[in-house]
Amino acid sequence: MPNASDTRPARRSAGGRASATLPDGAGALPAPVPPPARRPGGRVVRLAALVVGVVLVLAFPSMAPNAYILSAGIVVASYACTATAWNFMGGFTGYVSLGHAAFFGLGAYATGLLVRDLGLPSFVAWLVAGVIVLLVTIPVGIAALRVRGASFVIVSIAFVLILLLVFQAWGSFTGGSDGLVVPRPFPDLLRPEHHRVFFYLFAALLAVMLLAWWAIDRSRFGTGLKAVREDEDKAQALGVPTRNYKLVAYVVSATFTGLTGGMYALWFGDLDPIFQFSIMLGAYMVLMALLGGVRHLFGPLLGAVIVGTGLEYFKLEFGDTQFHLVATALLLGLVVLFMPDGIIPAGIALLKRFGPQDSSIREISAAELLERNRAAAGGPAAPGTGEDAAPRPRTGPDATPDDTEPSEDDR
Amino acid sequence: MTTTNAPPATRNLETVGLTKSFGGVHAVRDATVTFQHGKINALIGPNGSGKTTFFNCVTGMIKPDSGSVTFRGEDITRRAPHKIAQAGIGRSFQLCRIFPRMTVLENMLVAVRRTRVRDLLAGARNPEEIDKARALLVRVGIDHLENAEARNLSYGQQKLLELAGVLMGDPDTIMLDEPAGGVNPALIGRIGTLVQELNAEGRTFLVVEHNMDMVMSLSHHVIVFDRGRPIAEGSPAVVQSDPRVLEAYLGV
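Chain order of the listed sequences is D and U.
Going by this note's numbering, the first sequence opens with residue 1231, and the numbers climb by one from there.
Going by this note's numbering, the second sequence opens with residue 2, and the numbers climb by one from there.
Check each hint, because a few of them may be wrong.
[Stated by the list, open to error] Computed beta-carbon distance windows for the label pairs:
1. 122/U / 1546/D: 55 to 61 angstroms
2. 95/U / 1407/D: 33 to 39 angstroms
3. 73/U / 1365/D: 21 to 27 angstroms
4. 1403/D / 122/U: 37 to 43 angstroms
5. 73/U / 1353/D: 53 to 59 angstroms
Simulated from the structure, these hints should not be mistaken for lab results.
Quick reminder that beta carbons are idealized off the backbone N, C-alpha and C, glycines included.
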């Protein structure tokens, strides 16, 4: 099978050098065809889905039947923030950090302590806490990113465990296991109003993160990060300063996680090291992002909605047991087994299977291509019909084997 | 041959006393090598003679124990690989390495020559870069696959993609680790022609290769490695008749 494809460039070079029309005719035509066919419809659908999503989020506090559902919604929103923040590192670079709860806890405690001990206004404290997390992450990142793969996972866990012990033991400063009470930012608001405000605050934070993720995704920086995920050494050999790229992604990821933690502190008002610096929280972030799909902007958000809702439900139903952990573990197992790339890619693949008009590169047949070439020639081929007729039969059969080629290697 | 077009031989890339050991294995020992500027240099030698380790020391992937690497008069020893790449040395890998889950076009947009913040935040799909990428894909003959995921390409196509991706960084010196390894004869011919064309444009090549036909027909200057150090160098004809080479490598 490789023979057909390997000889082809050589074959083309023989004729391609002589006549410039051949590469254009054979090359430019088949490749760009599938995306334009998919895009116009896809863009409308995507835009519509986005509008529906935004409306649902904005309407949620009004639709929530009671304060409990609203507070559960805030928990899910905070999960969505942490999972999206995690994805700046995990999704782009492929470095799986199980210890992102460290930054969540750090942001939460920094915000709480700045309000309690320095009397800073709540949201000033929140921003300063974000800066503190950013500064702490730089040396931590430099150390942690010296290793890759499983070693990085272990180092990331080590950091959260160290912080857990420090914050538990240093009771005089952090309140230890007795907890730290964070003064509420809006003391005059009634509880349901308080929930409503914080739901929107979390949603706004999430929107900022999604925008940042989208901007990085389409930038040259993002291309470099994705290259690190695919093959770090190769990326470096192409001139990508991989270490600095990873560090920036790590710091951005940690800072957003810290800001989420700070927001949580202001909302919840009571911090305990065992919950803030929890391995479970770090594991949830990974699970949510993987479940939704780490390569997709909305993957972690979708994963958080599913896992977060599930967690809240199981806690409500089986509150006095640890059943919610069992259920979460089962979910993780199912995802890894059946949807290793997450729900979004699995869903797209499923849609593709049912959509016959959505022809990918490998589904175009020789006859179709020939037909299309004829149709294309029929329109604009007014002046040089005789000249055009000659290369066309050559182009059709020549180009088709390459279009079908990838499918054979793929499946 | 394109010797007539090639610029006069000057110093391009040279190493002095380069040494690297892994435990008790001396992979590269005191290697002093000068590559000819604007020429196609070939590095040959039996398996395990230290060619790839030497390669990795030059491109910064491995830090040498001692010795120095100079590129255009500048000491680049122990520099990070990306700095060496940005200085103008592009390389391919022995077992072809591409970014499997990115499309062919995305693969082409990875190479970085400058890392100013403004460049980094700019959109990846810069029209100029894309035009350049497409022109290179046309040149190597895989432009019709630009939207295919790179992992779905055949091995030969991946080799061509790797070469095109390296060219995106505009390297003046290109190091190829076994460009003919694992590809069919027709494609070997195609790669050879590409190398000659690129060389005629003024790019220096350094090729590690086992395919003797390719080495002898392509290169201007051959360096023979044995047990971690160069034992002979010269034109293909001279090297072919050198008794030390015959003994160490050609096995005649």
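Hints, one by one, checked against the model:
Between residue 122/U and residue 1546/D the C-beta distance comes to about 45 angstroms, which lies outside the given range of 55 to 61 angstroms. Look at residue 95/U against residue 1407/D: about 56 angstroms separates their beta carbons, and that is not inside 33 to 39 angstroms. At roughly 40 angstroms, the beta-carbon separation of residue 73/U and residue 1365/D lies outside the given 21 to 27 angstroms, and the hint is violated. Evaluation of the 37 to 43 angstroms hint for residue 1403/D and residue 122/U yields a pass: the beta carbon distance comes to about 40 angstroms.
For the pair residue 73/U and residue 1353/D, the beta carbons lie near 54 angstroms from each other, so the given range of 53 to 59 angstroms is met.
Checked against the numbered hints listed earlier, the structure breaks hints 1, 2 and 3; every other hint is satisfied.
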